[in-house]
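Here the protein sequences line up with chains A and B, keeping their order.
All residue numbers for the first sequence refer to the numbering used here, where the first residue is 25 and numbers rise by one.
All residue numbers for the second sequence refer to the numbering used here, where the first residue is 2 and numbers rise by one.
Errors might be hidden in some of the hints.
Stretches of chain B that chain A covers, calculated by requiring three or more beta carbons in the stretch to come under 8 Å of a beta carbon on chain A [unchecked claim]:
#1 23 to 37
#2 81 to 89
Calculated pairs, SDA-like style, for lysine to any residue (alpha carbon to alpha carbon, straight line, at most 20 Å) [claimed, not checked]:
#3 B:Lys130 x B:Pro54
#4 A:Lys48 x B:Gly36
#5 A:Lys48 x B:Asp37
#6 A:Lys48 x B:Ala26
#7 A:Lys48 x B:Gly33
#8 B:Lys130 x B:Arg90
#9 B:Lys130 x A:His110
#10 A:Lys48 x B:Arg30
#11 B:Lys130 x A:Gly111
#12 B:Lys130 x B:Leu93
Honestly, the hints are just simulated from the structure, not real lab data.
Source: prediction; values computed, not measured.
Using N, Cα and C, we set each Cβ at its ideal position, and we do this for glycine too.
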Amino acid sequence: MALDRDLVGRSYPPSAVYEVGRGKIAEFAAAVGDDDPVYRDPEAARAAGHPDVIAPPTFAIALTLEAANVVLGDPQVSLDYSRVVHGEQRFTHHRPIRAGDRLVATTTIEAVRSVAGNDMLTTRVDVATDDGEPVCSATSMLVARGTA
Amino acid sequence: MSRLTVADVVVGTELPEQVFPITRADLVRYAGASGDFNPIHWNERVATEVGLPGVIAHGMLTMALAARVVTRWAGDPGALVEYHVRFGRPVLVPDDGVGGEITVRGRVAAVAEDGRARVDLTVTSRGDKVLSLARAIVALA
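Sequences and hints are given; from them, build the entire structure.
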């Protein structure tokens, strides 16, 4: 079943605050095998000009994946999730995520397309601090194979 | 390490190639750290039921590993300001005591007047291109 074009531009209420801890950043850095000290050592991070340890460039997925689930719960979004694959991913960083950040994620449906029998849904999750400083955006394109 | 400067970079600069082995244990660890527990990344039965040849790596893990080539070269992970990939083929991670691997190469494709360099990445697994597009924008000092 094809996705409704009117969904484009739909925005969902902001997520609860996600508090970024040094431990979580170190855990994520270890999971991607990166031993860069700016992810673990506050002194090394400060020497590189950051106020505290920073997160690897794709760390935001740890909160944006969950935030984007709000779209799956929307009864007007008829996407067959058993057929969904991750088509594209983009991160735009205004500044690195860092330990101590209190982040809020807001999800918007950016595009809906049908190409060659596949439904494609693009969501953008804008991540900002709870006092409104933009931090990054994560854009994901999902493809539901053979559903359009 | 300090951040690369505009003077260090010209179009055509090649980034040092890196090879990353990926084991089932790596997938379990990444699932936990990222919160992506899709069973196709750890359960052979589910992976084959949905038509895959076997357990595959998270696309986001491939994306994260490829980023390491850029951040190491740039000298500061905070320099990576934009990063876009298109997932082409899955990276198979067999449970055979060896696992899978990806090879990441990068090349500077453009340097803009505002001091931003575009790096185009080529990511392969056993000879096949797994990302059909992978681009990073690096803010040079």
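Hints and how they fare:
1. Three residues within the 8 Å Cβ limit are the bar, and the region 23 to 37 of chain B against chain A gives 8, so the coverage statement holds.
2. With a cut-off of 8 Å between beta carbons, the region 81 to 89 of chain B has 8 residues touching chain A; three or more are needed, and the interface restraint holds.
3. Proposed proximity of Lys130 of chain B and Pro54 of chain B is supported: the alpha carbons are some 17 Å apart, at most 20 Å.
4. The straight-line distance between the Cα atoms of Lys48 of chain A and Gly36 of chain B is roughly 12 Å, inside the 20 Å bound, and the hint therefore holds.
5. With a CA separation close to 15 Å, the supplied pair Lys48 of chain A and Asp37 of chain B stays within the 20 Å bound.
6. Between Lys48 of chain A and Ala26 of chain B the alpha-carbon distance is near 19 Å, which keeps this suggested pair within the 20 Å criterion.
7. The straight-line distance between the Cα atoms of Lys48 of chain A and Gly33 of chain B is roughly 11 Å, inside the 20 Å bound, and the hint therefore holds.
8. With a C-alpha separation of about 7 Å, the suggested pairing of Lys130 of chain B with Arg90 of chain B holds against the 20 Å cut-off.
9. The hinted pair formed by Lys130 of chain B and His110 of chain A meets the criterion: a straight-line CA distance of about 16 Å does not exceed 20 Å.
10. About 13 Å separates the Cα atoms of Lys48 of chain A and Arg30 of chain B, which keeps this hinted pair within 20 Å; it holds.
11. Between Lys130 of chain B and Gly111 of chain A the alpha-carbon distance is near 15 Å, which keeps this suggested pair within the 20 Å criterion.
12. Annotation: proposed proximity of Lys130 of chain B to Leu93 of chain B holds, straight-line Cα distance about 13 Å (limit 20 Å).
Violated hints are absent here; each numbered hint is respected by the structure.
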